[in-house]
Amino acid sequence: MSEPVIVANELVKRYGEFAAVDRISFEVAPGESFGLLGPNGAGKSTTMRMVGAVSTRTGGELSVLGLDPDRFGPEIRSQLGVVPQADNLDAELRVRENLLVYGRYFGLPRKLVAERADELLAFAQLEEKAKAKVDSLSGGMKRRLTIARALINDPRILLLDEPTTGLDPQARHILWDRLFRLKEQGTTLLLTTHYMDEAEQLCDRLVVVDKGTIMAEGTPAELIRRYSTREVLEVRFGSDRNSEVAARLSGLGDRLEVLPDRILVYSENGEAELVRLTDAGLHPITSLVRRSSLEDVFLRLTGRSLIE
Amino acid sequence: MTTLTGPRSDSARAIEAGRRSRTWGAWYVAEHRFRVMRSYTGTVVVAGIGSPLIYLYALGVGLATIVDANLGAGAVDGVSYLVFVAPALLASAAITVASEEFTYPIMLGYKWNPTFTGMHASPLQPAQIVDGVVISVVIRMLVNLVLFYALMLAFGAAPSPLGVFAILAGALGGLAFGTVIMAYTSTLEEDTGQLAMVMRFVVLPMTLFSGTFFPLSTFPVWLQWIGWVSPLWHSTELARVFSYGAAEPIWLTVVHVVVLVGLAVAGWMWARRIAVRRLRK
Amino acid sequence: MTELADRRPAESGPAPRPVRSLYAGNARAVMFRGWRATRSTNWLVVVSGFFEPIFYLLAMGIGLGTLVGTVTTASGHEVAYPAFIAPALLAVAAMNGAIYDSTWNVFFKMQFAKLYEGMLSTSLGPLDVALGEILLALLRGALYAVGFQLVMQALGLNLSWWALLALPAVLLIAFGFASLGMAITSYMKTFQQMDWINFVMLPMFLFSATFYPLTVYPEWLQSIIQALPLWHGVELVRGLTTGDVGWGLLGHVLYYVVMIAIGLVFTTRRLRALFLD
Chain A
0 MSEPVIVANE LVKRYGEFAA VDRISFEVAP GESFGLLGPN GAGKSTTMRM
50 VGAVSTRTGG ELSVLGLDPD RFGPEIRSQL GVVPQADNLD AELRVRENLL
100 VYGRYFGLPR KLVAERADEL LAFAQLEEKA KAKVDSLSGG MKRRLTIARA
150 LINDPRILLL DEPTTGLDPQ ARHILWDRLF RLKEQGTTLL LTTHYMDEAE
200 QLCDRLVVVD KGTIMAEGTP AELIRRYSTR EVLEVRFGSD RNSEVAARLS
250 GLGDRLEVLP DRILVYSENG EAELVRLTDA GLHPITSLVR RSSLEDVFLR
300 LTGRSLIE
Chain B
0 MTTLTGPRSD SARAIEAGRR SRTWGAWYVA EHRFRVMRSY TGTVVVAGIG
50 SPLIYLYALG VGLATIVDAN LGAGAVDGVS YLVFVAPALL ASAAITVASE
100 EFTYPIMLGY KWNPTFTGMH ASPLQPAQIV DGVVISVVIR MLVNLVLFYA
150 LMLAFGAAPS PLGVFAILAG ALGGLAFGTV IMAYTSTLEE DTGQLAMVMR
200 FVVLPMTLFS GTFFPLSTFP VWLQWIGWVS PLWHSTELAR VFSYGAAEPI
250 WLTVVHVVVL VGLAVAGWMW ARRIAVRRLR K
Chain C
0 MTELADRRPA ESGPAPRPVR SLYAGNARAV MFRGWRATRS TNWLVVVSGF
50 FEPIFYLLAM GIGLGTLVGT VTTASGHEVA YPAFIAPALL AVAAMNGAIY
100 DSTWNVFFKM QFAKLYEGML STSLGPLDVA LGEILLALLR GALYAVGFQL
150 VMQALGLNLS WWALLALPAV LLIAFGFASL GMAITSYMKT FQQMDWINFV
200 MLPMFLFSAT FYPLTVYPEW LQSIIQALPL WHGVELVRGL TTGDVGWGLL
250 GHVLYYVVMI AIGLVFTTRR LRALFLD
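Taken in order, these protein sequences are the chains called A, B and C. Counting along the first sequence from 1, when you hit position 10 you're at 9 in numbering that gives the first Met the number 0, and nothing is skipped either side. Counting along the second sequence from 1, when you hit position 68 you're at 67 in numbering that gives the first Met the number 0, and nothing is skipped either side. Counting along the third sequence from 1, when you hit position 92 you're at 91 in numbering that gives the first Met the number 0, and nothing is skipped either side.
Don't read these hints as lab results, they were simulated from the structure. Hints are supplied without guarantee of correctness; some may be wrong.
Stated by the list, open to error - Some chain B residues near chain C, calculated using beta-carbon distances under 8 Å:
no.	residue
1	A57
2	I65
3	G71
4	S159
5	F200
6	V202
7	P204
8	L207
9	T217
10	W221
11	Q223
12	W224
All C-beta atoms, glycine included, are put in the ideal place defined by N, C-alpha and C.
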C-alpha cells in the first residue's frame, strides 16, 4: 500500500480545560474514503479543522500530504477541498462568480478557473443556475455548489463536514451520487457524519468517535461483525410496558438493549427469536427484523443513540 | 525534514502551489472585494461624483457667500471660505468611504455571511485577508479622492500647485481612521447597535468638530482636544497645507503625518491579530 | 343553481368598503409590539438619536456662528446664527427620523424579517401595520423634539412664545415624510434601490435654507428648492421659533396636509396590491 496522505498520532485539541479532541490517531491512504462517525460535539469538526490546517493543535503529531499543518498551512490548503458544515457561499456574488472568485484564491489563472467553473457547474447539475443569486438556491443546490467550489483547485483530498445534514432525502441521494463519482475518480475523501447510512454508503473505513476519543476503527462491515450480530429484532410493547417485559426476555438472543420506546434483540436469526417470543406468550404491538447497522455498533460502544 | 515523512510528489506539489498564494494572497482578496463592489457600482459612482458636487456647491458656494460677506474675502485662514472648506470636505469624503467599507463588510465577512472562513479554508492566511480588504478600500478611496480633487479644481478650490498631494493626505486620514474601526468591528461577535453608536458618537462628532467647517481655534480650548485626537483633523490640516499652503509650523506638519501613519499601522496590526485569533480557533 | 347563489352577493350586496379590508382599527397592537422590541433590543441606539441634532447645533451654531455672525431671514429679520439654524435642525431631525423609520426600518421588516407576514396572518390589516409604524415613529420624533427644544430654550434660541407651536409643527412634518416614505418603500425591491433615497435626502438637507438663506442661490434653483418638502418644514418651524409669524405659514401647513393625503392614498393602494390581491 502507498504512503498515507493523512497521519494523525495522539492528536489533542484543548480549549482551556476542555479537551475537544483527546489523543486521536488514524491514517488515511490515498484514494481512500475515510469517515469520522459520532454524535454532535464528539470532536469530529475540530479534527477536521486541524486536518484542514485552520486550527492549531494543542498536542500530538499531524501530517497532511507529508507536511505539518502548523508550518505549511497555505501549502496544505492549496491541495484540499473543504465543504464546511454551514454553507459559507458568498451571497454577494452569483453562482458562477462564486466558483471564479474561489479559484482565484488559489492563484489559479483566470482562464483555467473559468474552464473548471463550467465543468463543475455541470458536475453539480447547476448549469441553469449559473447566473442566479446564491440566496435563490435550495439547500441541496447550495451544498452542491459548495462541493463544486471545493473542487475548483482539483484537490488531492476533499474534507466534508456533515455533508448532508439538513437536506431532504432526495437531495441527499443526489449528493451521495456526486460524491460516489468523486470516489470512483480516486479523490481521497475525509468526511464526518452522524448518519450511519451515510457512513455505510460512502466510507471504505471509519472510526467511531465519542467525547473526543476513538472508540473503534474498521470497515463498516467489520465493525458490524465485531460489535453486533447479523440481525436485530425490534419489538415494541408500548412505552409503559417495555422495561417490565424486558425482565422476562432475558436469555433471548445474544444481547438485549432496552430503549425507552423499544427493545432490541441481537441475534444471528431475528425471525427465530420472534417465534420464541410469541411461543412464550408475549405479543408485541409491532415487531421488525432487520440487518445490523452502525447505529447498533454505536449503541454497543457508548450505550447511547447517535441522534439524540 | 518534514517532507520526508510523506510521498514526495504530494508535498513538492503543495509547496509549489503554496508559493503563489504566499506572495499574492492579499491581492486575491482585493480582487474579491472589487467583484463585490461591482454589484454596487452605480452607488459608488453617483456617491463619488454627486456628493462632492453637492457639498462643494452647498458649502463652498452657498455658505461661502454669507461667510465671505460677513468677514470679507480671505478672512478664514487667509483664504476664501470655499478654498478653506474644500480640502476638509475631501478629507471627510475619505472618512465616509472608510466608515462604509471597514464596518458592515467586515461584520459580514466574519459573521453574517462568513466569507472570511471560506477564504481561510483556501491557501489564504488571516493576515492576508485583512491586507486584501485594506488594499481594496485604499484603491476605492483613491478613485473617489481623485474625482473629488478634479471637482475642486473645477470649482477653483485648490490654488496651490502641490494641491494634488491633498489626495494622499485624505487617503492617509481615511486609512488611519479605517484600520482602527476595522479592528474594532472585527472584535464584535454580534452587532447589537454598536456600529450605529460608533457612527453617531464617533464619526459624526469627528466630522463636525475636527476643524472641518471652521478653524478649530474658534472653539473654546476645552473642546479643541476633539480635534487633536481626531484623525480627520490631522488629515484635514495636512490637506490644507498642500491645497492652499496653509501656514503652520513644520513640526506640526510632521506631527500630522506621524499621528496618521501611527494610527494606520496600529489599527492594521490590531486587525491582523484579531483575524488570526478569530479564524484560527 | 350554484352559479346563481355565487353571483348574488356581488351584485346585490353592500358596496365594497375599500378601507375595511385593510384596516381593523388596531394600530395600537403594532405600536405595542414596536415599543416592546425597542425596549428589549436597541433602546440605547434610540436614545442616541437625540444627540445627533445637538451635535450639529453645537458645532455649527457655535463654531460656524463666529464666522457667519447674523443672518437675515426670508422676511427680513436679523437673527443670530444659532437661532437661525436651530429650527432648521429641528425640522431636519423630524425628516430624518421619519424617513428612517418609514423606509429602512419598514423595508427591512418587510423583505427580511418577514415580520409583517406574521402580523397580517392575524386580524390586523395592512393599514393597521402602516399606521402603527408611523405613529410609533411620530411618538419617538416627539420625544426628540421636546428634548431639542429644551436645549434651545436653555441656549436662549427660542425667541418667541410661538415656539410652543413648533412641537405640533414638527409632528406634522414627520407625519408628512413618514407617509410619503412608506408609500415609496412599498415600491422598493432591493437595498440598492433604497440607497437612492439617501441621494435625494442629502441635497435636500444641505440646500433647503438649512444653514443659510435661500437668497444666495440663483432664481431657478430657489424655485426647485421651494417645491421640495423640507424647505416648507424649515420655514414653518423657523417662523414659529423666531416669532416671525404671518398667514404665509399656513401655506406650509397646507403643503404638508396634501403630502400626508397623497402618501396615505398611495400606501393604501399599494398595500392592497401587495397583500390582498
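Hint by hint, here is what the structure shows:
Annotation: A57/B was flagged as interfacial toward chain C, and the flag holds, the nearest CB pair being 4 Å apart, inside 8 Å. Checking I65/B against chain C by beta carbon gives a least distance of about 5 Å; that is within 8 Å, so the hint holds. Hint status for G71/B relative to chain C: violated, with the closest Cβ pair at about 11 Å, above 8 Å. Interface hint status for S159/B: violated, as the beta-carbon distance to the closest one in chain C is roughly 22 Å, over 8 Å.
Nearest Cβ of chain C to the Cβ of F200/B: about 7 Å, under the 8 Å cut. The hint holds. The restraint placing V202/B at the interface with chain C is violated, with a minimum CB-CB distance near 11 Å, outside the 8 Å limit. Nearest Cβ of chain C to the Cβ of P204/B: about 5 Å, under the 8 Å cut. The hint holds. Checking L207/B against chain C: minimum C-beta separation of about 4 Å stays under 8 Å; hint holds.
Restraint check, T217/B versus chain C: the minimum CB separation of about 5 Å is within 8 Å; hint holds. The restraint placing W221/B at the interface with chain C is violated, with a minimum CB-CB distance near 13 Å, outside the 8 Å limit. The restraint placing Q223/B at the interface with chain C is violated, with a minimum CB-CB distance near 11 Å, outside the 8 Å limit. Taking 8 Å as the C-beta contact cut-off toward chain C, the hint placing W224/B at the interface is violated, the least distance being around 15 Å.
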